[in-house]
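Working from the sequences, and respecting the hints, build out all of it.
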Amino acid sequence: MISDDTSYSVYENLASELRRGVLVLAVLAQCGEVQYGYSLKQQLAAAGLDINEGTLYPLLRRLEGQGLLASEWLVTEDRPRRYYKLSTTGSAVLERLSAEWQTLVGVVARILPEKEN
Amino acid sequence: MYGKTITQKTEQKASDEWIDRYVNEVGRRLPANQRSDVEREIRSLIEDAVAGRFETLEVEGVPLAERETVVLAVLQAFGSPEEIAARYHAPRYLIGPTIFPIYRIVLSIVLAVTVFANLLGVVVAADEQMAAPLVETLLSLFGSIIQTVGMVTLLFVALERLGVAAESRPQPWNPTSLPAVKDPQRVNLVETAIDIGFTAAVIVLLNVYLNRRTGALFYNGEWQTMPLFSQEFLQYIPWLTAIWCADILVNIILLTRGRWEPFTRIATMITATAAAILFYSMISSGPIGAWPPVEPAFKVTAAIIFAVSLVEVGKQGWLLLRSSNWIGDRLHSQQVL
Numbered sequence: 001m002i003s004d005d006t007s008y009s010v011y012e013n014l015a016s017e018l019r020r021g022v023l024v025l026a027v028l029a030q031c032g033e034v035q036y037g038y039s040l041k042q043q044l045a046a047a048g049l050d051i052n053e054g055t056l057y058p059l060l061r062r063l064e065g066q067g068l069l070a071s072e073w074l075v076t077e078d079r080p081r082r083y084y085k086l087s088t089t090g091s092a093v094l095e096r097l098s099a100e101w102q103t104l105v106g107v108v109a110r111i112l113p114e115k116e117n
Numbered sequence: 118m119y120g121k122t123i124t125q126k127t128e129q130k131a132s133d134e135w136i137d138r139y140v141n142e143v144g145r146r147l148p149a150n151q152r153s154d155v156e157r158e159i160r161s162l163i164e165d166a167v168a169g170r171f172e173t174l175e176v177e178g179v180p181l182a183e184r185e186t187v188v189l190a191v192l193q194a195f196g197s198p199e200e201i202a203a204r205y206h207a208p209r210y211l212i213g214p215t216i217f218p219i220y221r222i223v224l225s226i227v228l229a230v231t232v233f234a235n236l237l238g239v240v241v242a243a244d245e246q247m248a249a250p251l252v253e254t255l256l257s258l259f260g261s262i263i264q265t266v267g268m269v270t271l272l273f274v275a276l277e278r279l280g281v282a283a284e285s286r287p288q289p290w291n292p293t294s295l296p297a298v299k300d301p302q303r304v305n306l307v308e309t310a311i312d313i314g315f316t317a318a319v320i321v322l323l324n325v326y327l328n329r330r331t332g333a334l335f336y337n338g339e340w341q342t343m344p345l346f347s348q349e350f351l352q353y354i355p356w357l358t359a360i361w362c363a364d365i366l367v368n369i370i371l372l373t374r375g376r377w378e379p380f381t382r383i384a385t386m387i388t389a390t391a392a393a394i395l396f397y398s399m400i401s402s403g404p405i406g407a408w409p410p411v412e413p414a415f416k417v418t419a420a421i422i423f424a425v426s427l428v429e430v431g432k433q434g435w436l437l438l439r440s441s442n443w444i445g446d447r448l449h450s451q452q453v454l
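Going down the list, the sequences are from chains Y and X.
Quick note: the first sequence, position 43, residue 43 per our numbering, numbers continuous.
To convert, take the position in the second sequence, counting from 1, and add 117; that gives our numbering.
Just so you know, the hints here were simulated from the structure itself, not pulled from any lab data.
Where hints are given, some of them may not hold.
As the list claims (entries may be wrong) - Label pairs and their calculated CB-CB ranges:
hint	chain 1	residue 1	chain 2	residue 2	range
1	X	Ile369	Y	Thr6	44 to 54 Å
2	Y	Asn52	X	Arg374	44 to 54 Å
3	Y	Val10	X	Arg374	38 to 48 Å
The structure displayed is predicted, hence computed values, not measured ones.
Glycine is no exception: its CB is placed at the ideal position from the N, C-alpha and C atoms.
Written out as structure tokens, the structure is:
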């Protein structure tokens, strides 16, 4: 017998894994325009994707390391900030990932009602 | 007014101290080439988050909290320095999973050689009546083992750091290559490593010690020192060394491949046949030992090695035939019938 606490904890882990999977797509999509870490976090939160700082900021560096984002330091509002923007490779990857996402949404949508029935 | 400015400055100093501590704790967990850049970015992100929280509080009409309280809340949201540093920097292995199996094999071989070389040293010292006390001998053996493990580990850590493992690509895998649960072709790694160590020790013993040293013998009523082996036997040493070196090479190939294959079975048959021919020649020709009283013991030993070599040739030949498709098919058809 699985307790409610265990069930909730399993759910939390799985939901977090699911969100992490789509986070790359969401970040790349938002970086079509120049973004700094905090502004990106705010925009994602406003869109309904509230991501922990400890997850989001290292991800930006990783995507930059993979050549999907480009970055530079700029001083705005008297404060130095690192700004990120989608690179050419990033744009191409985003396009393919978006298509993949649309396919997945369609596939999962077809599967879920079957399970419910 | 003056008092308020002093309070604000004190509070700013206290909250900056928390940010400094946090950034420092993250930075010291990162490699030197990333440290300053990530530290600068995290500091900037924390400052943004603190400013953002104050803006939110103002918009929501909540009474402004002390800056230190807000900074601590932001740091709490960022997560522990260990966690965030781990996310900025992919985990690094001392010895990664790619080269770890090779590390284990090499360590087994080198350890086996070390233990045999040490035991050999004890035997030689005892023969020359220079044996050290048991405790000293064991401590020396323990020291050698620690030194060997350390050296091999350091070598592999250096290989890992140089990125040797990163260059290797996984081989394409085919499910039909899966070995049977009880696989006669599987190599016993420990046994093979011990075999290598033992053969290496015998090569050293034969070439370095027994080749030129003398043995003590109570002969004709008094102790005499004489060469251990005859001149005829000494001529065999280069051949024996060549065969045993080939044997070590085959065993190293077996360790790296992990399975017996036709070419390793054929190579083992060739070395065993060569050994059998050599030992037959020793038995049938001149004396092996330099002293007549020990000659029967030497001849019997040579005969045993000759017989073992022949058995090995037969065993490998049979296993080679059994592993071939022709025999496998025949056995299968008999079972079906």
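Practice problem: Sort out which numbered hints this structure fails and list those numbers smallest first. | Solution: No hint contradicted; all consistent.
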